[in-house]
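Q: Each of the two chains sits in its own frame; use the hints to bring them together as a complex.
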Amino acid sequence: MSDSHHEESYWRKYIFSTDHKTIGIQYGITALLFLFFGFSLMMVMRWQLAFPDQAVPVIGGLIQWLAELNGFASIGNLPSDLYNVFGAMHGTIMIFLGVVPLVVGAFGNYIVPLQIGAPDMAFPKLNMTSYWVYFIGGVIMLVSFFLPGGAANSGWTSYPPLSVIATTGQTFWLLGMVFLITSSLLGSINIIVTIIQLRAPGLTWMRLPFFVWAQFVTSFLLVLAFPPLEAAGFLQLMDRVFDTSFFLPSGLVVGGEALDVSGGGSPLLWQHLFWFLAHPEVYVLILPGMGVIAEIIANNTRKPIWGYKSLVYSVVFLGFMSFIVWAHHMFMTGMGQGMSIFFQTTTMIISVPSVIILSCFMLSLWGGSIRFNTPMLFALGWIPMFGIGGLTGLPLGLSTLDIHLHDTYYVIGHFHYVVAPGTIFAIFAGIYYWFPKMTGKMLDETLGKIHFFFSFIFMNGIFWPMLIQGMAGVSRRLADGGESYAHAQGTLHLNEFMSYSAWLLAIAQIPFIINLIRTLLRKKAAEPDPNPWRATTIEWTDTTSPPMGHGNFEKVPTVYRGPYEYSVPGDSTDFTPQTSKLIKDR
Amino acid sequence: MIEYLGKISDHLGLPVNAASHGLIMDLVLGWVHWVMFILFAGWGLYFIIALIKFNSKSNPKADYNGVQSHYSKFAEYGVIIVEAFLLVGLSIPLWSQLRTTVPDADAAIQVRVIAQQFAWNIHYPGADGEFGDTDIKLVDEESNPIGLVRGGAGADDIVTLNQLHLPVNQQVLIHLTSKDVIHSFGIPEMRVKQDALPGMTIPVYFTPTMTSAEFINKIKDTNRYSPSGNYMGLGQETWEILSEEKKNEFRGFQIACAQLCGNSHYKMRGFLTVETEEEFNAWLEEEAEYLEEEDEDDDW
Ligand code: HEM
Ligand SMILES: [Cu+2]
Ligand SMILES: [Cu+2]
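Chains as they are written, first to last, in this note's numbering: chain L, 805 to 1390; chain X, 4 to 303.
Honestly, I wouldn't trust all of these hints.
[As the list claims (entries may be wrong)] Once the Cα atoms are required to be at most 27 Å apart in a straight line, the calculated BS3-like pairs of lysine-lysine come out as: (1) L:LYS1253 / X:LYS60; (2) L:LYS1113 / X:LYS76; (3) L:LYS1359 / L:LYS1385.
In short, the hints are calculated from the structure, not lab data.
Quick caveat: nothing in here was measured; it's all calculated off a predicted structure.
So that you can see chain X by itself, here it is in the shape it has in the complex (with noise of 0.2 Å):
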């Protein structure tokens, strides 16, 4: 029944939910527009009734007592009662799940990510596990975005622009930060939105349940998938000679800024690839390959 309820949920036009906690927020978010749309609809009808039994023509003469009855009370409770339902029966248990219970380190892939005017920076541990130090007189725009201190911890650190990775049925444990300004890490299917504030590391929690294959072979027949008009802020001709590949990380999970960060913020997308745990290894392994070959150039 309650399930059936919330079904409503199918019918607002939320993003495909690909997280496993976005069930229940979706499942919330179709109960409160019932209330909604109940309490819309009982109004409208009893305003529109009104209005017909009570104008001018039909009734010459108001009534100086009005309404006499208390009916309107008890819509008043009701709507107390609901509230209250959904505040502490759901709401505030919901909160303390999605946001203050932070889950253990080790049980959890970890990631920072680094918010900038306008791109997402992903720092990985590396194999050791811990993440470097940074520092922001080492920042360089071209080589070092964030600054790591490239000994220690962080010789085997990997440090991507806008690719952030992830393996499916796993927690993530994003630790969220930002150089400059306010940003704000929004992924929609993820059912995840999260401000990056400067001098703030905020962690961000939540488990993928689909990966970018399966979300795509699931939008096969919509306007992401096939985009038109200017092409995802591309342009019809670059997109036309994108290989698949490339569509697809378009046209898969993006991280979106939620919060003006300037006048970029319109484009400021990362894209989120999530992957079975031996295709996420064999991309760790690759970047981490990388890192090795830069190092012999010695230029990174």
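With the rest of the complex left out, here is chain L (with noise of 0.2 Å):
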């Protein structure tokens, strides 16, 4: 660990940092952006969904000179090609660039070593190594978008054959996936070992944060699944570029010519080993979220979390099971009885442990003193949110039911109930949360209310009638929204309300930057308060805000007590800090 007196150059301290504060902010910073990318891309395929092919508003010119660059017609609008291309790379960047990097990256990196009384994480120079390889991932991805033909088209599963047979765009896909797949890895590590070894005296697994917990399990699933999709990932590269036949089976035809290749081999092959990795990939969307979620409900109910116990028991089942779930995504393929029984089954079992969960937030609510602010609504927002999401879920993991809704809207209705409303919501709720406690500033109270109501609102009209046009039997992924099909026809009304939802909810996040700008730009009060959610975890009780630069403790904290000890009979104030020894010696 480098030693917290001597001065450190700005780039050491600010670029090539090994600090986990600052490479936490880092990664939030550079992930954010991305998000809003992601963001973007979707609001310019909105256009085309709700008005097809007419030029797109204000940034037509934009679009008209990337598509002629790519090597497509267009007056302005988002040709065919083109949308193919945004709607892959918004799947990509808004898992791969945007949330995993957020909430393992930004929150996993700053929160963990401050929650269990670490001085930094255990291997800081990995630690600088995973966020300057996910940058590097990053700007390949965005490389990608300017080669002829765009970047890659294939979705963001990339199925075979059609993503080796794809243009360049999937080539760099495969490369920048490597990075932010080495990248995850090495940040998953370090928090896998972080956790073991670096907790402070007295701080047993059971009084670990809950949200500690969901890190931990949140990095094993990383480093486990995803291995089997980095190797795949060189597979299908090696397909694509010397010509072997992995994921390619013999006597292809495209546009009339037979395909040079030995063949052989089994595009199936590749959606195990994808789902593989990608299914335990939406657990890590989402935990992390769940672990924000804990820390804002326990402290703004006053009162401990309900069934701690069984809330990390459900996580760590959470994550045993979501290795051998992966194959409801593929019951389309011609799944025989026997492996669509061992799915379906996994699949529904896998849904109690995340009842549980979301049953022990709703009860953690009874009996509490609850305070209504900005985190406290996101996190009170997000439970019925992932509610809808959970429970979209389970039409879709029964085999039969999923004959009718399989690559629907009403699949996409879904998981985005989970990442949008979901993840998305727990992101906001742990940045108002935290925000004071890497500035030493609050954010404004009006304009975060203001931020999420709309926010809710407008997340709700995009993505409830997705469950409809879905039900309707409109399929995923169609550039023009489903206007050529017969059986869209009676839906496709629902298509603008959904992209002027899309719209208002980029301007509801408006109130949000102004906050984060202006209250940056504030100064701050000569002595912060350290504690201003009067918290009971360590990460506020023993540290100043922002907290100091490298070793972040001014003497190791020893801890007494479980996370969440709020209205202690007894005490004299609300809170029992994880480290007071006594309940009344403070």
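A: Set out below in structure tokens:
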């Protein structure tokens, strides 16, 4: 560990820093920018879905320029080739460059060492490397937009043979993914070792904040699930660059020409390898969010989280189960009875711990003294949104019903309820909650509440109608939003409504951005309150705001109790820090 | 009672059901949505009460212990039991009926469907009831998209582009495959969907119970009958000069692609015409005649 007393150069301090807090903030800013970019792609796509083939307003010129650079005809509209590029890259960017780096790279990095009383991550240099590898992966993905044929266009799932015969963008996608995966592997190993090795004295496993548990399980998912995809990515790269046939069967005829490959491979093999990562991946997207929600609910109900042990066992079980449900994404590939029984059963089983976790959060409200501040509003908004996401997973998990719903907008609606008003709300909740810790300044509550209410409304405005379209049988990934298909005619009118909701959602982010900038520019109080939320966990009670440079703590804290000791009978205040020895000793 | 509960499926906005197995699927979908609705409403009610009752103004001091009762356990067990029933009682047996009880080849109408970017090739065995061989060396996008060997069993085979005709109330057995990338064969009204994978042939079977004519009658006052906007991707001018018969083709059952297969995935539509047995046979004969004429011209 580097020592905390010498002056560092600008580069060491802000760019190639090994301090987990700086790296966390680097991750946070980069990932937020990517999140915004991924969302912007979607705003353009939503124009095409609402008003097919009309020129995009305002940025039509830019779209035309990009399309023509890629070799597509455009009059300022979004042609179908570019729609597919944007779709694939929206998914890729949102997941691998936006949400995962935010919840693991930013929150995990910044909060975990502080919450467990560690001076830094176990491997600070590895930590720095993981950020820069992520950065390179991001640059590769961005550069690919300017290639002939554009960026990857075969969906974020990149199913061969389509992805193997696709334009050069796909090669860049695979290379970019190799970097992103490597970065995640480095980051998650680091989190695992840190949690195992660097907990403060007295911080036993069952005294860990739930957020730390969630990060711990998430890191295991990343470490165990990503390697198969990294390998699969290399195999697909070989298929593309060196004409191997890992994923190509014999006898392919593309555009009237027999494809000149040896054949004998299996496109299904890719799907298995891909989903073996990608199902755990969706839990990577949601578990850290659950961790954030647990912290905020306990803090703002002013009572212990209900069923802490059930929560911990559930999240561990959930992590384990997430490795054996992957083929429920593949029910329509011609699956026999045995496989379908296995994967339906595991899918139904995995819903149980999710129900338990949600129940614990809900039951925690009972008997509380609930404060409705902005972090709490986002946390409370998260509950029904994640509920809808979870419930709509039920029909999709039953293979028989999936016959109708597979690859329709019902699926898009379902998983967006989990990741958009789900995870994104958890991220907002976390930002409002920990911002005072990171900067020593509170974000404005009024702007925060405006941000919450409008985001809540417009999120539902976007995603609820998708469930309706999906029920009508409208396929996903349609560059004209279903205009061409007869069965979509009855629900086409919803496209405009959803698109307006998406653009309004963008406008609803303006108060948030103003809030961030205004607060950052504001002068800091001479001695900022280190614990404005009156919280119990170590990051609030034993550090300054922001925490001091390398090392975090003046002296290593010792832990005497569980994470959520709020309103303990006999205490004079309604929160008893983890590090206070006696109940009334303060 | 069970039927009645299931009728929520009438309100889910499902497409008209036109296949024999569709009703039970719709009912199950309805029941599952009942379960979802009850859980959501129950938890939602609790949620709202909790927020009102325990906000910091009405309850300034939190209770360290919180909920003591174990009612929530019952809710969790309830969920487990319901899920187990949906799984073991409904989904698993239905899957075996719909997906792994492949009908006898002789008992069903047989068709091969070969997907390609961006069309559905439909291949009937012709009068001899036997499919001819195919060879990728013979593939010619214009004249022989599936590379059919026009000799032996293949001499009388009928191949159409995007035109699937089926007789009503007879089981059809489709052998589904793809020439190039993965597509997905979906007909929402028939409640079928199956990925078409190159290198694999996968059986798809169902029994249509409604003719296209009956169906079109049924949807007379929907947008599907009188489309607007982009007029099913044709544009208003084209739509308006179409004959009523051609319009009905668009309004009727369509084969939709459900798997991203390239830039024109969004308009990879085929047309399914379900007709009476006489009409179907007449259509087959007509197609066979075309074939003979072409043979005489020797330019197929
Ligand atoms: C809140 C703003 C968002 C909006 C309006 C939005 C909208 C959409 C829409 C309409 C599609 C379907 C496109 C199609 O099928 O043609 C889509 C696909 C997708 N979205 Fe989002 N989304 C949002 C946020 C997110 C987030 C936060 C994530 C992930 C963490 C995400 C991940 C994906 C993925 C993986 C796909 C599938 C891409 C593919 O087809 O390969 N989205 N999104
Ligand atoms: Cu297709
Ligand atoms: Cu397709």
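Q: Run every hint past the structure and note whether it holds.
A: Evaluated hints:
1. L:LYS1253 / X:LYS60: 18 Å, holds
2. L:LYS1113 / X:LYS76: 15 Å, holds
3. L:LYS1359 / L:LYS1385: 15 Å, holds
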